[in-house]
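When you get a sec, could you build the whole thing from the sequences and use the hints?
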Amino acid sequence: MIRIVLVEDQAMLRDSLACTINAQDDMRVVSSLADATEALAAVERTGADCALLDVCTENDSSGIVAVRRIKGAHPAVRVVIMTGMPELTFIERARDAGADSFVYKNVGTAELLGIIRSTMEGYSTFPVAQHRVMPEDVELSPIEISILRLVCESKTRREIAAELYLSEGTVKRRISEILAKTGYDSILRLAVHAVSSGIIVPGMGERDESDDATGCVG
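Per this note's numbering, residue 4 is the first one in the sequence shown, and the count goes up by one each step.
What the hints contain is simulated information worked out from the structure, not anything from laboratory work.
Nothing here was measured: the structure is a model prediction, and the numbers come from that model.
The calculated label-pair distances, taken between Cβ atoms and stated as ranges, are:
1. S127 - A14: 25 to 31 Å
2. D99 - A14: 27 to 33 Å
3. S19 - A44: 20 to 26 Å
Straight-line distance between alpha carbons at most 20 Å, and here's what the computed EDC-like set of lysine to aspartate or glutamate pairs gives:
4. K108 - E61
5. K158 - E147
6. K74 - E95
7. K175 - E156
8. K175 - E162
9. K108 - E95
10. K108 - D63
11. K175 - D188
12. K108 - D18
13. K175 - E147
14. K74 - E47
15. K158 - E180
16. K158 - E171
17. K74 - D52
18. K108 - D12
19. K74 - D99
20. K175 - E142
21. K74 - E41
22. K158 - D188
23. K74 - E124
24. K108 - D38
25. K74 - D38
26. K184 - E147
27. K184 - E142
Heads up, the beta-carbon is just placed ideally off N, CA and C, and yes, glycines get one too.
Next comes the structure, spelled out in structure tokens:
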């Protein structure tokens, strides 16, 4: 029997997932939560061997932070991260935190259950990131993503330079390169589209690496 801690902040979806999982002969939801900061305690309290975590949960808590905590304390527990947002960095951040698999919420029920089962058998599933704003053949570098994220957070060029330890001239050049890659004529216009489409979630920067930070703002 696969004992699952489920963390999802949308009550209707959480209840639906719990019902679906509990209808399986080989799975049970042993704890159903809205806040990812409670996930580790739930795993320890219930003896769960799997955690199914949303990325951004109640009280701006981060499922990615919860992955790191769970894996740090109980490496054998399998963790599946899920999200409905195509944020550029979620997949790699989840992988770096120790997640075993990653799934977008638009998959079918049968596929989700299959991913949980295969993850428990030791197989990992990580999809290709969903990019909706930029052309399919455009790939931004980590520093370009960081600059775009800070623009989305309404940082000035001087503030961006200070935070990333770059000169203002370098930031200006990098922004020009981003625009050339994406075909946009304004970094602010690109930022608006990036936030509205979900490929950038403001506040989801390096802070999600910290045990004291939530990393899910907005």
